[in-house]
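Chemist: Listed below are the residues making up each chain.
Number of protein chains: 2
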Amino acid sequence: MELTANEIALMIEEKNYSALKQKLNEENAVDISALFAELPKEVLPIAFRLLSKELAAETFVEMESGEQELLIRSFSDSELRTVIEELYYDDIVDILEEMPANMVKRILANATTETRASINTLLKYSSDSAGGIMTLEYVRLQPAMTVSQAFERIKRVGVDKETIYTCYVTDPNKKLLGVVTVKDMLLADEGKLVQDIMETNVVFAYTYEDKETVAKTFIDYGFLALPVVDNENRLVGIVTYDDAMDVISEESEEDMQIMAAITPTDTPYLRTSVFSIWKARIPWLLLLMISATFTGLIITSFENALAASVALTAFIPMLMDTGGNSGSQASVTVIRGISLDEIAFHDIFKVIWKELRVSFFCAITLAAANFVKIVLVDMLLIHNALTFSSEGFLITAVVCLTLAVTVIAAKFIGCTLPILAKRLGFDPAVMASPFITTIVDAISLLVYFFFAKAIIPGL
Amino acid sequence: MELTANEIALMIEEKNYSALKQKLNEENAVDISALFAELPKEVLPIAFRLLSKELAAETFVEMESGEQELLIRSFSDSELRTVIEELYYDDIVDILEEMPANMVKRILANATTETRASINTLLKYSSDSAGGIMTLEYVRLQPAMTVSQAFERIKRVGVDKETIYTCYVTDPNKKLLGVVTVKDMLLADEGKLVQDIMETNVVFAYTYEDKETVAKTFIDYGFLALPVVDNENRLVGIVTYDDAMDVISEESEEDMQIMAAITPTDTPYLRTSVFSIWKARIPWLLLLMISATFTGLIITSFENALAASVALTAFIPMLMDTGGNSGSQASVTVIRGISLDEIAFHDIFKVIWKELRVSFFCAITLAAANFVKIVLVDMLLIHNALTFSSEGFLITAVVCLTLAVTVIAAKFIGCTLPILAKRLGFDPAVMASPFITTIVDAISLLVYFFFAKAIIPGL
Numbered sequence: 000m001e002l003t004a005n006e007i008a009l010m011i012e013e014k015n016y017s018a019l020k021q022k023l024n025e026e027n028a029v030d031i032s033a034l035f036a037e038l039p040k041e042v043l044p045i046a047f048r049l050l051s052k053e054l055a056a057e058t059f060v061e062m063e064s065g066e067q068e069l070l071i072r073s074f075s076d077s078e079l080r081t082v083i084e085e086l087y088y089d090d091i092v093d094i095l096e097e098m099p100a101n102m103v104k105r106i107l108a109n110a111t112t113e114t115r116a117s118i119n120t121l122l123k124y125s126s127d128s129a130g131g132i133m134t135l136e137y138v139r140l141q142p143a144m145t146v147s148q149a150f151e152r153i154k155r156v157g158v159d160k161e162t163i164y165t166c167y168v169t170d171p172n173k174k175l176l177g178v179v180t181v182k183d184m185l186l187a188d189e190g191k192l193v194q195d196i197m198e199t200n201v202v203f204a205y206t207y208e209d210k211e212t213v214a215k216t217f218i219d220y221g222f223l224a225l226p227v228v229d230n231e232n233r234l235v236g237i238v239t240y241d242d243a244m245d246v247i248s249e250e251s252e253e254d255m256q257i258m259a260a261i262t263p264t265d266t267p268y269l270r271t272s273v274f275s276i277w278k279a280r281i282p283w284l285l286l287l288m289i290s291a292t293f294t295g296l297i298i299t300s301f302e303n304a305l306a307a308s309v310a311l312t313a314f315i316p317m318l319m320d321t322g323g324n325s326g327s328q329a330s331v332t333v334i335r336g337i338s339l340d341e342i343a344f345h346d347i348f349k350v351i352w353k354e355l356r357v358s359f360f361c362a363i364t365l366a367a368a369n370f371v372k373i374v375l376v377d378m379l380l381i382h383n384a385l386t387f388s389s390e391g392f393l394i395t396a397v398v399c400l401t402l403a404v405t406v407i408a409a410k411f412i413g414c415t416l417p418i419l420a421k422r423l424g425f426d427p428a429v430m431a432s433p434f435i436t437t438i439v440d441a442i443s444l445l446v447y448f449f450f451a452k453a454i455i456p457g458l
Numbered sequence: 000m001e002l003t004a005n006e007i008a009l010m011i012e013e014k015n016y017s018a019l020k021q022k023l024n025e026e027n028a029v030d031i032s033a034l035f036a037e038l039p040k041e042v043l044p045i046a047f048r049l050l051s052k053e054l055a056a057e058t059f060v061e062m063e064s065g066e067q068e069l070l071i072r073s074f075s076d077s078e079l080r081t082v083i084e085e086l087y088y089d090d091i092v093d094i095l096e097e098m099p100a101n102m103v104k105r106i107l108a109n110a111t112t113e114t115r116a117s118i119n120t121l122l123k124y125s126s127d128s129a130g131g132i133m134t135l136e137y138v139r140l141q142p143a144m145t146v147s148q149a150f151e152r153i154k155r156v157g158v159d160k161e162t163i164y165t166c167y168v169t170d171p172n173k174k175l176l177g178v179v180t181v182k183d184m185l186l187a188d189e190g191k192l193v194q195d196i197m198e199t200n201v202v203f204a205y206t207y208e209d210k211e212t213v214a215k216t217f218i219d220y221g222f223l224a225l226p227v228v229d230n231e232n233r234l235v236g237i238v239t240y241d242d243a244m245d246v247i248s249e250e251s252e253e254d255m256q257i258m259a260a261i262t263p264t265d266t267p268y269l270r271t272s273v274f275s276i277w278k279a280r281i282p283w284l285l286l287l288m289i290s291a292t293f294t295g296l297i298i299t300s301f302e303n304a305l306a307a308s309v310a311l312t313a314f315i316p317m318l319m320d321t322g323g324n325s326g327s328q329a330s331v332t333v334i335r336g337i338s339l340d341e342i343a344f345h346d347i348f349k350v351i352w353k354e355l356r357v358s359f360f361c362a363i364t365l366a367a368a369n370f371v372k373i374v375l376v377d378m379l380l381i382h383n384a385l386t387f388s389s390e391g392f393l394i395t396a397v398v399c400l401t402l403a404v405t406v407i408a409a410k411f412i413g414c415t416l417p418i419l420a421k422r423l424g425f426d427p428a429v430m431a432s433p434f435i436t437t438i439v440d441a442i443s444l445l446v447y448f449f450f451a452k453a454i455i456p457g458l
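Quick mapping for you: the protein sequence lines, in order, are chains A and B.
For the record, in the first sequence the residue sitting at position 436 is 435 according to numbering that gives the first Met the number 0, with numbers rising by one throughout.
For the record, in the second sequence the residue sitting at position 147 is 146 according to numbering that gives the first Met the number 0, with numbers rising by one throughout.
Worth flagging that the hints you see were computed from the coordinates, not collected in a lab.
Values in this document were obtained by computation on a predicted structure and should not be read as measured data.
Heads up, some of the hints might be wrong.
[Claimed, not checked] Covered by chain B, according to a simulated footprint, are these stretches of chain A (three or more residues, beta-carbon under 8 Å): (1) 25-39; (2) 132-142; (3) 287-296; (4) 306-317; (5) 322-328; (6) 355-364.
Heads up, the beta-carbon is just placed ideally off N, CA and C, and yes, glycines get one too.
Between the sequences and the hints, there should be enough to build the whole structure, so can you do that?
Modeler: In structure tokens, the structure reads:
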């Protein structure tokens, strides 16, 4: 891409509109929206007006809602009408959801009766459902059409459709009979009937189905589009692959943010305000900080043991961290397994059994490595708090035993909590590192002091 | 087209070669290959030899692999060489893939060193590059074809192509001139030329580009397929949306596993052996456990301070965890920002400035909340190690100050390390929670003991 935002601003300043118009209309909507994002607010409406009708609509969809709002405010009613009529209904709904009430009102007032009716239909569905992500612009064919009649229909109605490559065959009541692709029709004889080449074994979704489930199914099949039907199996819309892909990647991002104890948002980081970032992070930090009161209480209640041997204190961070890391490995694995539909509630015992074996081997390896490390490094090399003495070896035994038990407990908790959370209707991703760490901290300390009291005489 | 297969057969029988040669060379390769498909096996090699060198190659590519094999068997070595040198490299690869092993050997033996090298290059693209995920099965059109000729070609060659909906227009050297969609062609007049409706401002990738970057760009644009070109801008393949989607979701999964200190794998959890899971997790646990030696050392070197006040020990887990959580919030945010191409190296000061402000507000909130919690809960309610005394308030001041400084330091480290890692060519995801936690643990302890010594008399 040769054009830069500075050049656009300069050309507008020089009123060199016709050259700019030509340059802009050679670019594609995604690039233009990126350029427009860098333009000063006052020139954006001027630049936007230089786009062709179709390109203007495509660019509008790609822009951030703040810029969309700015543009709509600068539009005359007739300009607004032109843009609205070029947009797909599902895109209009997405835009409306981000707009303040008075803007929504103005947009709806400038839509045609048909557009308004379609928007209202789409707004009825929950934004988390198949209905909430579907579009109404699809090609519908009749079973008795020939291939060449079908192509004629596609040529007639196709220009406004979000996809023409998969067409939907329905009866007069709009009941879905089958799907047929343009490829199938191109490779068939022109005289063949649609009903003879259509695929009747159609994968579809109901309007109320969870959008994540729908997106996943449909991407697993590698479809370009999936029909959405109502309770009477009447076709009401289609989900296209780009919307499904958005759902999938939004969900991954959400998972990652929740796993890092951040309230999820889909605004790009550099465009999010400091206050918004603070608001997304602080509740979790507060909650987890307050939960750490328990670890403090446990330590306080063992103050005599700790005062008697500072060497015991020195291993607390290592024990807590290793426990936390072990637990979060298990929890993240299971959380993603659930997200990818690889792990269901009925797998819980299979998962526990697997994690118990894994944690057993991890526990042995870590305890052994830790023993070697304490003897070689702490005792012989740097003469740490631990001495090469019987007391030193007793503490080493306590540390290694605690490590082993903590790792097994951490992996057990890490793998079960996400599955239970899902079962109880919570987001399993909440049960990731920060949450698991807080629980495992307390457990590791309790185990530690239990073994210390049991093994070291006089504590 | 006036010529029929019967006429060709008849003219060959009559040995009317010069007239046939003239007629054939007026036709285009697509039509000729359609005619040749109907010829008796024994006359096909004769007819083929009447074609000009270039047309012969173009026709050869259009033919079915059975006919190609028949022709190659009839070729002398020098005829074979002539055809091979006229073919595009990926067409040769296409042909090779359909041929039995002895034919492949003969073709490679008759290719020039340069051609053989190119074929091998094509077969050898790194699996992490655009070349490694591209497919060679796309529809290629000539700019001077009419829409109806284009459709004829699609009908002929389309059945084996991974997508027919986006077609690629090239010159005879295969330089990419434009793309045209089946939708555009269906909505255009049949007599229109491809070059008049094709989109010439084409987004493409180079073969060597990182497959993740390619997949992301292309999904951002919402394409169904993206052309891949070599250094001379010759079209060598296309990436289709399903392959791009696979790349994206594999990458997300990888990121999440690395962030949880797990060596990434794409085997579903329940199908992974206990040993493999252990092997993916244990190196990181060991590494992080050994790193915790430093926190142990720090605690040991302050043993007098800790022995003098067990209350100080009680706050260690809370300080470490809050620091770790603050740091991992920042690191995960930045890691994903880098993955999604929202954050680049030159943004580092923007990111640091943002995180400093966010961490400042987080630090104040957490310190204030912690102060209130200590006074209300530890001092007044549960009569913890801290008493409602001047010593109690001094320790409280130390804890709150440490908390504030640790949170700011943790967020600073959390946001800078991933960017620096990326700059140095490492995977930024390594710099997530477990790694950050280990560093932040040491820092929080150092800060803690520094403030304790400075503020509490007699430590």
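Chemist: Against this structure, judge whether each hint is valid.
Modeler: Going through the hints against the structure:
1. Here the stretch 25-39 of chain A counts 4 residues with a CB under 8 Å from a CB of chain B, which clears the bar of 3, and the coverage holds.
2. For the stretch 132-142 of chain A, the assignment as covered by chain B is violated, since 0 residues bring a beta-carbon within under 8 Å of that chain's beta-carbons and 3 are needed.
3. Under a criterion of three residues with beta carbons nearer than 8 Å to beta carbons of chain B, the stated coverage of the stretch 287-296 of chain A is upheld, 8 such residues being counted.
4. Counting residues of the stretch 306-317 of chain A whose C-beta lies closer than 8 Å to any C-beta of chain B gives 9; at least three are required, and the coverage claim holds.
5. Here's how the stretch 322-328 of chain A fares: 5 of its residues keep a CB closer than 8 Å to some CB of chain B, so the rule of at least three is met and the hint holds.
6. By the rule of at least three residues with a Cβ nearer than 8 Å to a Cβ of chain B, the coverage given for the stretch 355-364 of chain A holds, with 5 such residues.
Checked against the numbered hints above, the structure breaks only hint 2 and satisfies the rest.
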